[in-house]
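Q: What follows is each chain in one-letter form.
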Amino acid sequence: MANVLVVAEVSEGKAKKTTHSSITFAKQVVAAAGGSFSILVIGAGAAGAAAELAAYGAEKLLVADAASLANYTAEAYAPTVAAVGKGFTHVVATASSFGKDLIPRAAARLGAGFAGDITEVVADGGAVAYKRPMFAGNAFGVAKVLTPIHAITVRQSAFAAAEPSGGSSPSENVAVEAPSGAAARVEFVGVETVKSERPDLGEAKTVVSGGRALKEKFDEVLAPLADVLGAGIGASRAACDAGYAPSDLQVGQTGKIVAPQLYVAIGISGAIQHLAGMKGSKVIVAINKDAEAPIFQVADYGLVADLFTAVPELVTAIKAAKA
Amino acid sequence: MKILVPLKRVADPDNANKVKIPASGDKIDTTGLEWKPNPFDEYALEAALRLTENGQQPKTRAGEVVVVTFGPKETEATLRGALATGADRAIRVDTTDEQLDGDLVARALKAIVEKEKPDVVLLGKQAVDGDNNQVAQLLAEYLDWPQATFAATIEEEAGALLVGREVDGGVAKLRVKLPAVVSVDLRIVAGNSVYSTKTAKTFKYNDGVRFAALPAIMAAKKKPLVEHKLAELASDTALKVSYSTYSAPPARKAGIKVKDVAELVNKLATEAKVL
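Each protein sequence line maps, in turn, to chains A and B. Under my numbering, the first residue of the first sequence carries the number 1, and numbering increases by one thereafter. Under my numbering, the first residue of the second sequence carries the number 1, and numbering increases by one thereafter.
Simulated from the structure, these hints should not be mistaken for laboratory data. Be aware that a few hints might be false.
As the list claims (entries may be wrong) - Far from chain A, some chain B residues (derived; all Cβ distances over 10 Å):
#	residue
1	63
2	111
3	164
4	203
Unchecked claim - Chain A regions said to be covered by chain B (calculated; three or more residues, Cβ under 8 Å):
#	stretch
5	181–191
6	276–284
Computed from a predicted structure; not experimentally measured. Every residue gets a Cβ at the ideal spot worked out from N, C-alpha and C, and that includes glycine.
The task is simple: from the sequences and hints, build the whole structure.
A: Okay, structure coming up:
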């Protein structure tokens, strides 16, 4: 029997959407192994966020709300996650920057084996194992966690966001644990958020990515296409290394892994390390003047053309099609 | 400042398509793979070198960088490469990848930290073979040290590091008092990402990692490299995670080439239905 603890991500008193992928994971584990799941809502203002999560079928909402948790640090959160997690068989969060930072630290406190960024729950006798991408998505392995508690992060794009299923999970407060020694030696200074009208790369339904071929015209060419598609903008590593695009736009093995409904690769040759970051996309379009470019091997629709004429044409044609 | 940099060798990520999985799926076949240092660990080494020098006078060391790897004898090539780039000493823990998981690496690193007493452990956010992203966080907890993961910038202060962390939608700044564990992300090798207290804030490094000059490669052969046995460092060598049933990713079905923009838009609207 599984008893899964979902660690919700709270931001400004609200549960972040990332949490809903972990809820889907929890439901899958329960379906495979029996049992139930609860949600730990941790952070300043957690009580408000917990109310939003009451209708998702959790056995309990465990609320750890304290002013001392106002600014997330792993050092401040891990002791409470571990103290609550001790009573569970699985401790899971979504592999956002929050989950990736926190869950391994909590795993160390729990003596739990960790499997990160998993994409599938695999039935394994009466228990579960986890399929996860390795070698930049060039192989998948099944991770079997050998400790009584499993510490897991799940890839958001591989677990559809859970929908409310009705009911109202009872909520109870849990004690916020005293911080560890390390917590006294870390100070949260602030966050500089990137102000952008465009959807975040990880959440965008459409991504338009550019390669080195765009040169200094990276924005000039891509922005109108991204605008008309309501897309996030990504870039190849070559474009980032050459300074044509900021490196936080990089899609690939060493950058962001995306899996949108539509991925449009402009002037990207399709190096292995780039393909690793986008080949899970539902529909892939590639525009490149080199007909032999490896990107065409993964593209559903390929257009061999000069991007500097084809992209503006495409913008006009999409506008017309949508009108 | 003394910095410990754990380095892992991985299958060359630019040739990762050469990763072979036998029909049995019981392992990843590594024969014939080319080995390279994990790119994120190379970035960590570059950041460590920048923190132990004045950027204007990189030939004069102003601190110590100790590199450590886990693996058989041939992984010493990875360590010699790091020594040639500027690291001062090296440690190899004799073992093989099959005997390790991230948790065991973290526990063994803890023992090395207790011997070496570095101010900072600086490492890549993940190795591009296992792709777990865990060792820095595990090690920080085992040491009860603060952690600053996914660092895009590091600025040395008196007794502390001011670290800009890559988080969803922006950069979060953390100040960690030393000793601390820092894992690095891509942007750490930009020209203005890392400053020791000795390097002027107006100084800009070349983007990317530095390369070893030939004399440095020769000199690196004389730099100290010691070997430890894994069992000396970790009393419990049981693994917490095992892997099986490897498989290749699902192949995408072959796509088509369209003749022009009009056909592309038509297909996207009527066939793929994504417009």
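Q: Give a verdict on every hint.
A: Hints, verified against the model:
no.: 1; hint: 63; result: holds, 20 Å
no.: 2; hint: 111; result: holds, 15 Å
no.: 3; hint: 164; result: violated, 8 Å
no.: 4; hint: 203; result: holds, 18 Å
no.: 5; hint: 181–191; result: holds (count 10)
no.: 6; hint: 276–284; result: holds (count 5)
Comparing the model with each numbered hint stated earlier shows that hint 3 is the single one that does not hold.
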